[in-house]
Structure formats: structure tokens, C-alpha cells
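J.: So you can see what is in the structure, the chains are spelled out below.
Protein chains: 2
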Amino acid sequence: MKIMILGADGYLGWPTAVDLAFKGYNLMLVDNYLKRKLMSKYKKKPLVSSPKLNKKVSLLNKRKCNVDYSNIDCTKFINLNKLVASFKPDAVIHYAELPSAPYSMIGYDESWTTLQNNLQTTLNLIWSIKNLKKSCHIIKLGTMGEYGTPNIDIEEGWINIKHNGRKDKFMYPRQASSLYHTSKIMDTDLLWFYVRMFQMQVTDLMQGPVYGILENEFMEINNLHNTYSYDEIFGTVLNRFIVQATTKQPLTVYGSGNQIRGYINIKDCLKCIELAIKNPPDNGDMNIYNQFTEQFSVNQLAYKIKKALKKIDIDVVITKINNPRKEKEKHYYNAKNNSLMKLGLKPTLLTNDEIIKIAQYVLKYKKNIDKSIINPKTKWV
Amino acid sequence: MKIMILGADGYLGWPTAVDLAFKGYNLMLVDNYLKRKLMSKYKKKPLVSSPKLNKKVSLLNKRKCNVDYSNIDCTKFINLNKLVASFKPDAVIHYAELPSAPYSMIGYDESWTTLQNNLQTTLNLIWSIKNLKKSCHIIKLGTMGEYGTPNIDIEEGWINIKHNGRKDKFMYPRQASSLYHTSKIMDTDLLWFYVRMFQMQVTDLMQGPVYGILENEFMEINNLHNTYSYDEIFGTVLNRFIVQATTKQPLTVYGSGNQIRGYINIKDCLKCIELAIKNPPDNGDMNIYNQFTEQFSVNQLAYKIKKALKKIDIDVVITKINNPRKEKEKHYYNAKNNSLMKLGLKPTLLTNDEIIKIAQYVLKYKKNIDKSIINPKTKWV
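Chain order of the listed sequences is A and B.
Note that numbering that gives the first Met the number 0 gives residue 120 to position 121 of the first sequence, counting from 1, and the numbers run on in steps of one.
Note that numbering that gives the first Met the number 0 gives residue 338 to position 339 of the second sequence, counting from 1, and the numbers run on in steps of one.
By construction, these hints were calculated from the structure, which means they are not laboratory data.
Fair warning: there could be bad hints in the mix.
Here are the simulated DSS-like pairs of lysine-lysine, each with C-alpha atoms no more than 30 Å apart in a straight line [stated by the list, open to error]:
1. A/Lys378 <-> B/Lys132
2. A/Lys133 <-> B/Lys378
3. B/Lys378 <-> B/Lys168
4. A/Lys376 <-> B/Lys75
Listed next, the stretches of chain B that the computed footprint assigns to chain A, with coverage defined by at least 3 CB atoms under 8 Å from CB atoms of chain A [claimed, not checked]:
5. 110-116
6. 140-152
7. 155-166
8. 174-181
Where a beta carbon is used, it is the ideal one built from N, C-alpha and C, also for glycine.
The following block holds chain A by itself, in its conformation from the complex:
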């Protein structure tokens, strides 16, 4: 089976590539290193740096994997269309989006760059696959952030509404709290339109904040890390907390810490991707799955880390700082996540052991940590 991965150099893209390559899939990895460039522009860096795709792919192929790569910019239609036409994928995993809420809120330029990159790449992919004239499953990373924090249960993508004695099934209403998350709502609008028009097959994975690292022997031996980010722009909360904890800094909770979200371990994210590959929708259908395993408030998350790291003699201090974001801090939150479990996902829960494993990984590279890039400088308003 031939799979193209857009954004294959990223935090999720690269572990996905390794995972699928060793499972025998024929892969085409695509990345133009836009996120690396932006991280360098804003003077942020991941915990451990990693070589680019040429090096990584040649190491994979030495292990009898069947992987190729291309550095095209997916926002250029002519390039993506040509690559899709020549590789003829059976599925495309679409990670090629700017994924940072703070980045999208810096100013005008960053807001347009986020919209343009994310929407044009998605549109280009849609038309490239239409031009391919064969079934090809788009697996698109969405985000739980598209739903916002509604006062009713969050269903998986769709909701049945009764109104004035009549009923219909709708896309679950979306209302995000960053321009990045809004760009993902717009992506969903775009995909759902063309699914109906062009009879495409799309799976939209509404993912919660991801944490952790892939434990993989090939990656460890060859020093091919995923981009574990902990900075204020590209980092995610749990990864950042663990960096703070292991360097004796207080965990900085934004605002009251009562914000609840659904979280997922990166190992489970990879399992979900494979479940999506193996369960394509019919032509003209769009599967939407909520891709998280547990929901916590930020306070609960911080306390879990404190409790776990106590066991390896790390004393964690938790502190609250002004919330740089504009978001509800007190809200109902009950999101459904049965679909991926039904397909076979066995969740990796956020146990003490899992937290300790991530902390031990971070401790190994402690000397790389730059404390100056952690505190939030990007404010929503």
C-alpha cells in the first residue's frame, strides 16, 4: 500500500513515517521544512535536533524500508499535483499545516501565513487527488480545539439536532479560540464540501494536545529524534511542563488552570493513524473521530506530573501566571471518544510510569534546554 505523508519532518510526521515504514508500507515523505524555518526565525529550538529527510530516509532504506522523499512546497499546486500523479498514493496523511496557536496570534503576517499555508495545502491536496482519478483516502489531522468549550457534550464530528418538531444531522458546531484552530475549522469546511462534490474519502482526526516521544530502537540507535518542542510558540503543555519540572522551574499554569482538554500520547496517535488507514470511509463519506484518550484540566495535569516525578525525587512546584490566551477558564467539558476505541485503540494512559519515561528522556538531553524560550511572550490581545 502506497502512502504519502505531508509534513513528514514534524513532531508527528516523522514518528508516523518510522512506524509505517517498518510495517512495510511504501512511503513518500514530503516536507519543505517551513516549521524548522519558523522555529529558527523566532529563535526557538526543539529539545534535540535531528537531520533532514534525505539523511533520515537513507537510514530507513538501509533497514529494508521502502521510502522516498520530496522537499516540495505543498502550497504550490503544480508541485503537489505532479508528485501525487507520479507516486499514485492509496492514502495521504496530511500533517502539512502550521500547528501553533500562539504563532497564529502574533500579528497580521502570521495570521495570513497560517491561513494561506493550511488552506492552500488542503485545497491543493484535494485537487491533486481529484486529478489522480482513483480512490485515495485523505487522513487529515484536525483538532479538538475546533469544537471549543461548548456547554453540551462534544460528539464525534456530527450531531443530531431536533428543532421545532423536525430533525436533521449536522456537522457539530465549531467555535475555536485561536486563529490556528479557526484555520482547522475552515479546513473541515473545505474537506466536507469537496467530499460531497467529488465523492472523496476523508478521515478527519480531531486530535487533542499530544505528548511524549516514540520509543523506537531504530530512532534511538541512529539519533533520529522527534522534534520535542517546549517553547512558548511551538511547544505543547505537557511536554513543556516536563521540561520545566526537570530543570527545577515551576510549572507555569496559564490562568486559573481549570481549562479542560482531551490529551493523547504520541504512541496512541500513531495507532490511530494506522486504524484510520485500515478503515477508510466509502467514497463521498467523511469519518470524523475524536482522537484523545483522557481529559484533564491543566491543574490536574500539573498535579499528575508533580505526583509522578516525586517518585524519582524531583520536587515540582506549580505556579499560576496571567493567561496570555483569551479562552474560557471555567467551562463544562465532556467530549466523546468511542470511535477509535471501537476500531481497536487500546489507550496508553497518563500513568506515573509514562510521565517518568518522558522525564527520563528529557533528563538525558537536559543540557540542551534553553530556559529563556519557555515563558509566554505571545499574547492573544
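For chain A, the structure is supplied; the task is to place chain B on it using the hints.
T.: Just chain B now, kept in the frame of chain A:
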């Protein structure tokens, strides 16, 4: 009161400018003639051509109006930001979008041009007004097409949902049937996000297909027509039917003709715009009004025209052709439209007299009609 009109050369933009200019508003008209260029590219033309803004504005100012104009491209942020900063509008009427469903479905280039033009202009306007640092009301033309044809009543922008024993108010779910209409959904996503973040004032006018001409002495004397389009790409259904009727061609109903939509006379559209100007939302609020006065199926519309034109001895033939669009042809449709009535709109209904008036206008310019541009060549799939 200072009002900026983006897209001031268009079918709605120019009559709005004339109407508000004579009511004493201080206006800045903006247009880069993109629609004129596209009409010329696709070899379409309006019933009567009209001079550009320089000529039109000088004629307005001879009548003691207070009007200026600019030919900037609103997709260039630096230009729009500068113009907004210097003019300092109290309100901006945003018509500067590519408005054609068939155009947006021609191919990849047209789909991206539609998305990019419509979203970037809206984003640029949002940031220009944020940078202005004073209250400025954005009046945005949305479309009833954003809602699609749901099986429940269409409320005005928002809906209260009860679900599993809890409730919340949401943006009414949207599901369009062209890429153009989808771009308007995405516009709404964008505006609603920044209304909440930047405490902006936005009115989103969900307009049904507009028909007719503005009867205006100044426009008639000076031969300054609105762009009455009847072609397959830029024309709307009622205007097209009247051109077909007056040139002894059958009215071409797409598909079964059971598609129901809400329609509005252009004279009422202008009244709604002024009602919106006079009733701005609070900062951080978004008013959404359904802007149509009556709902008909395409068959009902065709029969109304047949019946009305019989009175001036025009025999109208109605015929059905394959629907070039992909849309539901049998569906429930009950859209609410109370809000603008409550603000004072007295609807101009589609009476025999109104139909005859439009037909008489079209007959005056009958020699201009190009029959070859009417039949649909643009297909959805």
C-alpha cells in the same frame, strides 16, 4: 458619518454608493475591477456597460455628494491598512468578494482565486480596523447559501441546541453547495473568531439571490447602470429569466426546479444595508440577519414571470435542462427573516408590476443581449 464601501463598482456596490451618497454619507469607494476583468476573461458582459469609479464619482460630486474613491487591491494588506488609517471610517460595507458559484467551480485556479480573494480581503479588513484603534462597524455580505438546505427551520445565524439534558447557543450549522458559498462560511468563521478576540462590531447579512435594478433618476440621466448580469457565470436566476423571456427564449430551469431559495429585490437590499448601518452591534457582538423577503422554488419563480409578462403580451415558455450544479432538488426549506422587518424593513414583493418594471428595463437594452452567454457551460462535477 464616514463609510467605506469595498467592491463599490459591483452590482450591489454601486447602487449602495449612489443611495448612501444622496443620503449625505461621506463615502470612500474602493474597487480594483477584478470582477470586470474576470467577466472580460470569460467573455461575459452585463446588459449595459457603465463607466469606472473615477467618472461615476465625479458625477456624484457634481450633485453635492461627498464621495472619494480608490482603486487599491484589498488583498494587499499594506494598501487597505493605509486607506483605512487615512479615511478613518465609522463603518465599512464589505462587498469585495468574488460572488459567483459557477466561477468557483470551474477548476483549481478559480477555486483558489475565490478562496484567496475572499478570505484575504476579509482578514485584511479585520486587521486594518484593529489597527485603527476606534470602533468601526463591519457590514459583511454573507449569503443564505451558507446554510444549505437543512431539514429543520433556518434560524437567523444562531441556534439554541438542547442535547443530552444540557443546552447552549451555537452558530447555526452551515453546509454549502458551491466553493464560493463555502468561502462565505469560512468568512463567517473568521469574522466570528476575531469579533470575540478583538471585540469587533460585525453585522453579517445572509442574503438570498438578489434581483432587479435600482430605479434612480441620477443613474438614469447619467447612464450609470448597475451591472445587470444574465450570463451563466455571473448572472442570477431571476435576472437571467427576464432576459430569456424578453428575447423569446425559454426560461431554462436547472433540474426539477423544486429548489427553494429566499429572494430579495435590490431596492430592499439597499434598505437593509442602511438599517444595518443604523443598528450596529455592541463591541464583541455579531449580528446575523437573514436578508431575503420571500421564498420560492425555481418553478414558482418561472411561473410568476410567465404570468406577469403575459400582461404585456410576452408569451413565456418554461423548459427544464440538466442541472449543471450538484444540489438537493427536493428538500424542506423554511428560513426565518424577522430581524430586518423588526428593524423597519418594508418588503418590496415580487408582484406582477415589479416583474414588468424589470422586463421593461431589459427591453430598453434588448439589442445588447448576447444569447450565447446564457446556457450553462460550467458543471459542478
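J.: Any hints from earlier that this structure breaks? Give me their numbers in increasing order, please.
T.: 3
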